[in-house]
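Asks: Listed below, chain by chain, are the residues.
Protein chains: 6
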Amino acid sequence: MIHIRLITPHINDRSRKLQSLSDLRNLSIDLSMVHLDTGPSSIESEFDEALATPYVLGRAIEAEQDGVHALVIDCMGDPGLDACREVVNIPVIGPGETAMHTAAMLGRSFSFITVLERIRPMIEKRARIYGVTDRIASIRAVDIPVLSIEEKSPDLVDRLLQESLIAVTQDRADVIILGCTGFEGLAETLALKLKEAGQPIPVIDPVRTAVLIALTWVRSGLSHSPLTYPGPRDKPIRGYGLPPSPKLG
Amino acid sequence: MIHIRLITPHINDRSRKLQSLSDLRNLSIDLSMVHLDTGPSSIESEFDEALATPYVLGRAIEAEQDGVHALVIDCMGDPGLDACREVVNIPVIGPGETAMHTAAMLGRSFSFITVLERIRPMIEKRARIYGVTDRIASIRAVDIPVLSIEEKSPDLVDRLLQESLIAVTQDRADVIILGCTGFEGLAETLALKLKEAGQPIPVIDPVRTAVLIALTWVRSGLSHSPLTYPGPRDKPIRGYGLPPSPKLG
Amino acid sequence: MIHIRLITPHINDRSRKLQSLSDLRNLSIDLSMVHLDTGPSSIESEFDEALATPYVLGRAIEAEQDGVHALVIDCMGDPGLDACREVVNIPVIGPGETAMHTAAMLGRSFSFITVLERIRPMIEKRARIYGVTDRIASIRAVDIPVLSIEEKSPDLVDRLLQESLIAVTQDRADVIILGCTGFEGLAETLALKLKEAGQPIPVIDPVRTAVLIALTWVRSGLSHSPLTYPGPRDKPIRGYGLPPSPKLG
Amino acid sequence: MIHIRLITPHINDRSRKLQSLSDLRNLSIDLSMVHLDTGPSSIESEFDEALATPYVLGRAIEAEQDGVHALVIDCMGDPGLDACREVVNIPVIGPGETAMHTAAMLGRSFSFITVLERIRPMIEKRARIYGVTDRIASIRAVDIPVLSIEEKSPDLVDRLLQESLIAVTQDRADVIILGCTGFEGLAETLALKLKEAGQPIPVIDPVRTAVLIALTWVRSGLSHSPLTYPGPRDKPIRGYGLPPSPKLG
Amino acid sequence: MIHIRLITPHINDRSRKLQSLSDLRNLSIDLSMVHLDTGPSSIESEFDEALATPYVLGRAIEAEQDGVHALVIDCMGDPGLDACREVVNIPVIGPGETAMHTAAMLGRSFSFITVLERIRPMIEKRARIYGVTDRIASIRAVDIPVLSIEEKSPDLVDRLLQESLIAVTQDRADVIILGCTGFEGLAETLALKLKEAGQPIPVIDPVRTAVLIALTWVRSGLSHSPLTYPGPRDKPIRGYGLPPSPKLG
Amino acid sequence: MIHIRLITPHINDRSRKLQSLSDLRNLSIDLSMVHLDTGPSSIESEFDEALATPYVLGRAIEAEQDGVHALVIDCMGDPGLDACREVVNIPVIGPGETAMHTAAMLGRSFSFITVLERIRPMIEKRARIYGVTDRIASIRAVDIPVLSIEEKSPDLVDRLLQESLIAVTQDRADVIILGCTGFEGLAETLALKLKEAGQPIPVIDPVRTAVLIALTWVRSGLSHSPLTYPGPRDKPIRGYGLPPSPKLG
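Sequences listed follow chains A, B, C, D, E and F, in order.
Position one of the first sequence corresponds to residue 1 (the working numbering), numbered consecutively onward.
Position one of the second sequence corresponds to residue 1 (the working numbering), numbered consecutively onward.
Position one of the third sequence corresponds to residue 1 (the working numbering), numbered consecutively onward.
Position one of the fourth sequence corresponds to residue 1 (the working numbering), numbered consecutively onward.
Position one of the fifth sequence corresponds to residue 1 (the working numbering), numbered consecutively onward.
Position one of the sixth sequence corresponds to residue 1 (the working numbering), numbered consecutively onward.
Don't take each hint at face value.
Intra- or inter-copy, both count: the list cannot distinguish identical chains.
[As the list claims (entries may be wrong)] No farther apart than 30 Å at their CA atoms in a straight line, the calculated lysine-lysine pairs in the DSS-like style are these: (1) K247 x K195; (2) K193 x K247; (3) K125 x K247; (4) K193 x K17; (5) K235 x K17; (6) K195 x K235; (7) K195 x K17; (8) K17 x K125.
Everything labelled a hint here was simulated from the structure, so no lab data went into it.
Just so we're clear, the structure is a prediction, and the values are computed from it rather than from any experiment.
Work out the full structure: start from the sequences and follow the hints.
Replies: So this is what it looks like as structure tokens:
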């Protein structure tokens, strides 16, 4: 069994999300999910990410102590991705990063359909860091805050379809990325509706793909490079009460 | 069971390679492997790739007819990758493409260790197509032709280690890609030796990673975009005797 | 006399095209043209290119044996360009490559007007390989298959004009490339009509330009670098019956 | 008087640094400096930055409440730069960002001389975000931890000179950036020594330049764009006890 | 006192422009302004720039002889910027360069609002030289020649507002650069009107920013690198009658 | 007959250079060459280029009046290229631009061998404008001023060979560009010596190639786009006494 843990970078329990991934158990994947005690109630800004990251780091160190084989950060902005890789040896997967690289392999360009317009600059910044800027066709928003998308009304799928069709026909997207991990479980439905609308193109469910990439790395003996992500130096820290990193140098 | 087929793009049977992947069976992966009747005896040039590609296409169409779920082209140059994606609907994976994108996620830069100096421009061209040029630290060669690396003498691992260490210390590579699918099964050994030499960095075995990415795509319901890879138009072809593509438009 | 040979990468005789180039004879250029016995009936996909390339290689080796001074591949996708350069020492010119670099010198951006929408990703891939992606204003199609453009009805010129004007006014193209070698002989007419419409901008006829670049290289003593395009290694090949490359290493 | 506040993103008081900037008072600049109660004792990793950022945000909001006109984050990694810009309206300056853009204007390429090798990937990431990657000649380290450079022994200047000379002669740097805000006050001495060594090139003291850019923006009526840095949405946050952002949307 | 001189690169006296900068005197900045005896009557083309540059060089050498501390070229095309840096040691500032780098720090993308459509390719070329091409959202023109904008009718501000709003809403600009130094003194008004229109984004007045960057460099002990801008070699020149450069090598 | 005129952008008569091009007469090319009355005695800096350009413009307008079919600026820095294109309708060719694009077609990377180290930043700037930066392997200098290379001692060829071999083996250049038009007539000799040294790679003689590209454009009915290079506006100019541009708008 490969134990993969999802870390939700905010204070709400999202563990029922695991249901949409339950079919992965037959790949010998064991999934667990944790959230934060301290931090924001959702991630919609750099500010939210900043508040979440210290405690995501704590969850990451804790997971490695628990014998977890790989981590997935449950947010498209990949908050804490680089910092987590400094403090643990096990693979840390950001669904934003894996979705963008996967999309870059599936077609010549991709569009994000995300929650709010205000998230656009954050996604562009991540794309710049990951080196895929020139593959982005567009970033579109359904204009619904994260905390409201939980209900997943039929309306939500309609909005996703509408923006996806504009992305394909107008922005020349060849691949769609669901740009919020709160859209989990909707990729299949959206892909079907796009097909019915004459556009049978791939739709990426970032968390699912991230979990499978985590499996890929573990079964290939791979983890992030310690040269890119060296362990932190041992020195005084005031506050937070985090467990010490196994990579302390 | 997910059935993944490896297509060796030359006339030599390499099916014993499957042994090094046999542990993946517990992921419900069923592997098969075919090679060509017509074509070169190994892939070391654009010329070789050109001769191989028409018959790789035949093997791809045949595989989809056989009910295979995904294809992996068994060569780092990904010969026929784009053309195959035009003629079949199932995912077609190029180990060159998946290795480069995986390396780009594992660290800030990577080096290829390949067989011959003469392959360098071909890898650079693929990197340009995939959009990862600026992540390449270097492309180094052990200077042994493909048909001679089969023996995998201890000498081969020494040469790989030697070039990898130069890549890390001199070219500033943070990740190593084994730049020939003939090196299969050596990643673990090389990684171990690098660790012993004080450089515990990730070493990518491209075929293994490609098979796991194939699994990732199948279990995520993903395949290449028909907008990037539209089916060929129906028109007269003289020669080759290929079966008709299921994507004929 | 400089002998330049056009290789049509499909099974249809297009030698009457030479008429539109007959005025170049006074530059001491001797033109010949061959086509394939095996292969597709036109080039409109990566699939078509793959089928054509092995026999384009045969034509290239044959031409060098015939004492030809330079080769031009008669297709905007430049099928077999890199592979041909590996097997012959004489210059091999791709009209796609020369048109794009010429356009990049004539103005800050250019548009392709090609036959079919489905060719767009192929042109984008070539631009990526040639390093001119950021100079492309747009790729537009008249939506007529290659085999139907032969007739060159007045309608065809109208469609070219229409798309060119959109390219200039809407996509901000400063130069037009006729994006299919089947459009040969139409550049002058289109340029005139653009001028009449108030947009006196350059229109590139890729085959004509390619032949003149071939002359440029021959009279400058230039051919492609053997470091970028080293000769193939001598080893068994099954099938095809190609003559051996003069560059066999 | 323009009031500019430096925020030291760790728990040590560095206010004596202000001495090296005291000559700026005659530009009607009033300087103040604060540090953190909670956080790391220096910034040398993504981990350190993550721990510092929440409390840097608090200091930023507090400064705007205090009537400060502009903020300078006192660290080359610019920790919290983007997040701070979301929560305040006054200009927030990162010395890393201003040093890199200034260097890009002073010459064709620049080198960083920083404290430790391990910081290299962090600087490369910032350069990628700022869009100046191709201007970096090299990133070199004197190999002394932040907490030890405070003493500023003659040895430190020698090490800086040594690495700077290699940067110029070997890496082709035309400009030097002192890559740690702990090197404050040494730019002039280093520039003089470089001149004596026959290399009279510009040496950037990032904090000094940052303060003057802050003045530039304030006196030009400029601050970061609210479209790039929209205010955070109002929603529950657990912990931290930060004052509410004036930009709450 | 820091003496900064503006060089107007044409034959019209624009010294009343200094009024809009008079508030900078309390920063101990002393401003002077000169124009040319020979050259064009405004700068609107590469042709105009070519005619201006030799005499801008003369003004630059003269200024250094006069004891001036820094130069600002009073034109967005930065005519003579690189050549001037070769002939003097004091900082030479181009408002085009400083505006673009400042905009790149203020937000993720910027638009130029300039005088005439015909200037677009010149600005794109400068952006290419400065390395900020990918930050340009658009270049828009109010379609009024330089010599007519002097009057600054309310109409002019309306046109600037109109194009700025299209830049923001349609081209996704997050920052506006006033793309002609003739627009001096209008940034504040335009910013106010944009705010009233619901788009409170930064508007850069390039000359004001350039003067403050000149101050920044002088007070940081910085000037352009002599490795990027080496002095000219001593050799015969026919005509022009320029004073000899202090950097003659 | 096609009449091509070379404009030497300095005050020395270089018309004996035409001898090395005399074999091109059999292509129906008629060559003439002019130089300047006013300007520098050679081009080795931005300063020299600035002094030359106004009078190059005069020569260009004059040439079009003379019925010349195309212009070649006789200098690798392409001084006045863009400005000339604004003032005449006939093709204006810069040997720097044509050499770089030709090299980009002949191989994956190229090196310049130029006269003096100080020219390096100028070539890098041109490469940036032309969009070929990433194809440059290196820029090397033989360290001999332009006015001294006229003698073409055997020593000069040795120095060129020496730097070329370092470029190939160390900098990984696949193509060599002779980086000064003063090296005319040496490409063939250098190519031969490189071949004898085991490196049979292409060596570009920029003026020869430029003349043949001029022929290519004229015989293809092509000239630079008036959208990129619009004619100058009609307005007062003081000094220079240039004839009016035929493109005055």
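Asks: All hints, please: hold or fail.
Replies: Now for the hints, and whether the structure bears them out:
1. K247 x K195: This pair counts as between: shortest inter-copy Cα distance 15 Å, intra-copy 47 Å.
2. K193 x K247: between (47 Å within a copy, 20 Å between copies)
3. K125 x K247: Answer is both; intra-copy 28 Å and inter-copy 21 Å each pass.
4. K193 x K17: Only inside one copy: K193 and K17 sit 22 Å apart there, 41 Å across copies, limit 30 Å.
5. K235 x K17: between (38 Å within a copy, 22 Å between copies)
6. K195 x K235: between (56 Å within a copy, 26 Å between copies)
7. K195 x K17: Within one copy only: 25 Å inside a chain, 38 Å across chains, cut-off 30 Å.
8. K17 x K125: Close inside one copy (27 Å), not across copies (32 Å); limit 30 Å.
Figure legend: structure checked against the earlier numbered hints; every hint is met.
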